[in-house]
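Colleague: One letter stands for each residue in the lines below.
2 protein chains.
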Amino acid sequence: MSVERILATYRIAAPAADIEARARALAVEQSVEMPLEAIRDARVRDEVVATVERILPSPARGRGAGGEGAFEVTLGLAVGTTGHEASQLANMLFGNCSLQPEVELVDADFPPGFADAFPGPEFGIAGLRAMLAAPDRPLTCTALKPQGSTLDHLVHLARTFALAGVDVVKDDHGLANQASCPFAARVPAVQQAVAEANRETGGATLYAPTLSGDPRALAGQLQVARDCGLRIALVAPMLVGLPVFVELRRESGLALLAHPALAGAARIAPALLLGKLFRLFGADATIFPNHGGRFSYGRDTCLAIAAASRDAWEGLAPILPVPAGGMGVERVPEMIADYGRDTMLLIGGGLLVAGDRLAQRSREFVEKVRRS
Amino acid sequence: MSVERILATYRIAAPAADIEARARALAVEQSVEMPLEAIRDARVRDEVVATVERILPSPARGRGAGGEGAFEVTLGLAVGTTGHEASQLANMLFGNCSLQPEVELVDADFPPGFADAFPGPEFGIAGLRAMLAAPDRPLTCTALKPQGSTLDHLVHLARTFALAGVDVVKDDHGLANQASCPFAARVPAVQQAVAEANRETGGATLYAPTLSGDPRALAGQLQVARDCGLRIALVAPMLVGLPVFVELRRESGLALLAHPALAGAARIAPALLLGKLFRLFGADATIFPNHGGRFSYGRDTCLAIAAASRDAWEGLAPILPVPAGGMGVERVPEMIADYGRDTMLLIGGGLLVAGDRLAQRSREFVEKVRRS
Chain Y
1 MSVERILATY RIAAPAADIE ARARALAVEQ SVEMPLEAIR DARVRDEVVA
51 TVERILPSPA RGRGAGGEGA FEVTLGLAVG TTGHEASQLA NMLFGNCSLQ
101 PEVELVDADF PPGFADAFPG PEFGIAGLRA MLAAPDRPLT CTALKPQGST
151 LDHLVHLART FALAGVDVVK DDHGLANQAS CPFAARVPAV QQAVAEANRE
201 TGGATLYAPT LSGDPRALAG QLQVARDCGL RIALVAPMLV GLPVFVELRR
251 ESGLALLAHP ALAGAARIAP ALLLGKLFRL FGADATIFPN HGGRFSYGRD
301 TCLAIAAASR DAWEGLAPIL PVPAGGMGVE RVPEMIADYG RDTMLLIGGG
351 LLVAGDRLAQ RSREFVEKVR RS
Chain B
1 MSVERILATY RIAAPAADIE ARARALAVEQ SVEMPLEAIR DARVRDEVVA
51 TVERILPSPA RGRGAGGEGA FEVTLGLAVG TTGHEASQLA NMLFGNCSLQ
101 PEVELVDADF PPGFADAFPG PEFGIAGLRA MLAAPDRPLT CTALKPQGST
151 LDHLVHLART FALAGVDVVK DDHGLANQAS CPFAARVPAV QQAVAEANRE
201 TGGATLYAPT LSGDPRALAG QLQVARDCGL RIALVAPMLV GLPVFVELRR
251 ESGLALLAHP ALAGAARIAP ALLLGKLFRL FGADATIFPN HGGRFSYGRD
301 TCLAIAAASR DAWEGLAPIL PVPAGGMGVE RVPEMIADYG RDTMLLIGGG
351 LLVAGDRLAQ RSREFVEKVR RS
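Taken in order, these protein sequences are the chains called Y and B. Per the numbering used here, the very first residue in the first sequence carries number 1; after that it's consecutive. Per the numbering used here, the very first residue in the second sequence carries number 1; after that it's consecutive.
Worth flagging that the hints you see were computed from the coordinates, not collected in a lab. These numbers were taken from a predicted model, which means no experiment stands behind them. The beta carbon of each residue, even a glycine, is placed where N, CA and C say it ideally should be. Any given hint might turn out to be false.
Unchecked claim - Cβ-Cβ distance ranges computed for the label pairs, FRET-style:
hint : chain 1 : residue 1 : chain 2 : residue 2 : range
1    : B       : A219      : Y       : P333      : 46 to 56 Å
2    : B       : T150      : Y       : R250      : 27 to 37 Å
3    : Y       : L7        : B       : E4        : 46 to 56 Å
4    : B       : A359      : Y       : S296      : 52 to 62 Å
5    : B       : L36       : Y       : R250      : 33 to 43 Å
6    : B       : E102      : Y       : T201      : 36 to 46 Å
7    : Y       : D109      : B       : A42       : 52 to 62 Å
8    : B       : E4        : Y       : R250      : 33 to 43 Å
9    : B       : A359      : Y       : D311      : 47 to 57 Å
10   : B       : D227      : Y       : G229      : 35 to 45 Å
11   : B       : R45       : Y       : T201      : 27 to 37 Å
12   : Y       : A42       : B       : R370      : 30 to 40 Å
13   : B       : E314      : Y       : A185      : 27 to 37 Å
14   : Y       : E4        : B       : A21       : 30 to 40 Å
Stated by the list, open to error - Here are a few chain B residues that sit away from chain Y, every Cβ distance over 10 Å (derived from the structure):
hint : residue
15   : E196
16   : Q223
17   : L316
Stated by the list, open to error - On the chain Y side, residues computed to face chain B include the following (Cβ under 8 Å):
hint : residue
18   : A38
19   : A42
20   : T81
21   : S87
22   : Q88
23   : K145
24   : L151
25   : D172
26   : G174
27   : A179
28   : V244
29   : E247
30   : G348
Using the sequences and the hints given, assemble the complete structure.
Modeller: Quick look at the structure:
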């Protein structure tokens, strides 16, 4: 009987003469992690040890000095080794080899039905569009900044953004539960300011605060969220832990906006981690640093993230790509041309630099997107 | 009034002409994440924005092509921004800049008293030595492998290792809660086998199973652990999440053996993450890939991890460095010469290759260490 396998592709820098042995060693590292000759159980050798499925020259990187090439090695990881759970899936995909600098994780293809064990997005693009009463147009997002601000300042910003009609006003990812503006004081006050603005405008702006901390802290934050009627939250899966993110998906009832902090996605392909895996684990929208901003992802990488967010994948709802990271209002048309209408545009600092003209700049952002 | 700051040092690849501006941009990225000119509150500019404390040429890397140099940039991160909590501390140290491939996190120096907000190790070296009735000599550790084995096989291995007198028998880091050998069946059976062997030999071998999964799964595993009298567990902080690791330290009552899976410690200095931070968050022992094995850390990196594990640090107990990753019995004298007596040597596959001579090889390992 053949074993179901995840096809995990790694880019390995190694001399051509060594790549077959290096690929076999990686297959051992990412499965049984012991010398094969010491495994006597034929079932373990056949059904647990990872297989080397394919070795190809890598298109992504030229040959380095010293005769080193780059190769794309595809392993077959037995699905049973993942325990059908997020932390162990991450462990099998990139646990030990995350410590080997010559190895990058490029992609993973999951066999049919594998996703059934994971929650996937609860709302996805359609659910978020329904919440925001925006069935078709591109969506807008901005951030409450900076951390360290007084509650009054953050409430003022939130009201300004909501009156301007920004769809989602999120906490800056650095706004957590600091003494300067604790979660339990901030979230109800900002939520109320947004609700009041919505009543005045007839709008449907949502506030997405940052959930962070240990499971006990998260439980307290979820209670605050329920008490004030929150619908959506910002969570960095790598900061709280991948399995915690899954549990938040299963138990919070909130739409989840995933943030890439600490994702170190220079060595795990951004499209796999921020797109495919965060979606599998339950994100409804995924923030990533757009090309040409403060980060160095290229356009191809960004489009690959967007594709991984929205490509058909069994029963998993498509989720919103959220390009961000130093964007300004002048880039709206280009971003919509790049990413299409099922996109949420996130501009934070690019609005705040407007100073006294913040309300006007925010309306420009909203209008520019609405006219698209 | 001066603000307490964490001194975080980054290695940045940049042309010399750009490094001052790059350093200032990093200071903004890792604190307020918005243009400074848009911040009107002088308190935020003075007490929240990170400062550039120092820029030095990096000793660790020569100049690259195209006039790029490497620099060590030390930022002063205001302690208040961390919220005195693990996920937000990680966010401030390396959240967004983990996505910038030209930036590595080299080290962090915390101001006096900062560690008080974190649990630190509960047992440390002295506590583990007391549990193991081994007040002075170097310690031994091995692993139950491979995943996919039957329960009978793992119980047999555990009994063999315990009879040989290995101090800690841990689960392989790939043994989680798979259908092939679920946690709830495996852990009581292995724990009983080890206890029986201890009764026969008068020894004090401890079994350290892998804790993994989401907080609900962890709670179930802790209940199993309590029911069968476990004293120690293996946890990969980056797989379960850093704040979850802290919560396990606070609530499990178990000694914690930290595993580096998914730590991606090619871009966060291993001594900082596996040594200093895992210790701050509550590890009692930290596993790392020793030089000359399957991983590429150099000897200096490994000695730096050991130093970070044991150096004096206010009230934080020193913890055991655990060199591992393809070690064999023949390297015991060299490893003890490198790391000294307050060390736990971990040999897994290097014992299992002995096949029928496993018991004898395990005794050799134990004897070699005990005679040191």
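Colleague: For each hint, tell me whether it holds in the structure or not.
Modeller: Outcome of the hint check:
no., hint, result
1, B/A219 x Y/P333: 46 to 56 Å, "holds (50 Å)"
2, B/T150 x Y/R250: 27 to 37 Å, "holds (32 Å)"
3, Y/L7 x B/E4: 46 to 56 Å, "holds (49 Å)"
4, B/A359 x Y/S296: 52 to 62 Å, "holds (54 Å)"
5, B/L36 x Y/R250: 33 to 43 Å, "holds (41 Å)"
6, B/E102 x Y/T201: 36 to 46 Å, "holds (43 Å)"
7, Y/D109 x B/A42: 52 to 62 Å, "holds (53 Å)"
8, B/E4 x Y/R250: 33 to 43 Å, "holds (39 Å)"
9, B/A359 x Y/D311: 47 to 57 Å, "holds (53 Å)"
10, B/D227 x Y/G229: 35 to 45 Å, "holds (41 Å)"
11, B/R45 x Y/T201: 27 to 37 Å, "holds (33 Å)"
12, Y/A42 x B/R370: 30 to 40 Å, "holds (37 Å)"
13, B/E314 x Y/A185: 27 to 37 Å, "holds (31 Å)"
14, Y/E4 x B/A21: 30 to 40 Å, "violated (51 Å)"
15, E196, "holds (24 Å)"
16, Q223, "holds (16 Å)"
17, L316, "holds (19 Å)"
18, A38, "holds (4 Å)"
19, A42, "violated (11 Å)"
20, T81, "holds (6 Å)"
21, S87, "holds (4 Å)"
22, Q88, "holds (4 Å)"
23, K145, "holds (5 Å)"
24, L151, "violated (13 Å)"
25, D172, "holds (6 Å)"
26, G174, "holds (6 Å)"
27, A179, "holds (6 Å)"
28, V244, "holds (5 Å)"
29, E247, "holds (4 Å)"
30, G348, "holds (6 Å)"
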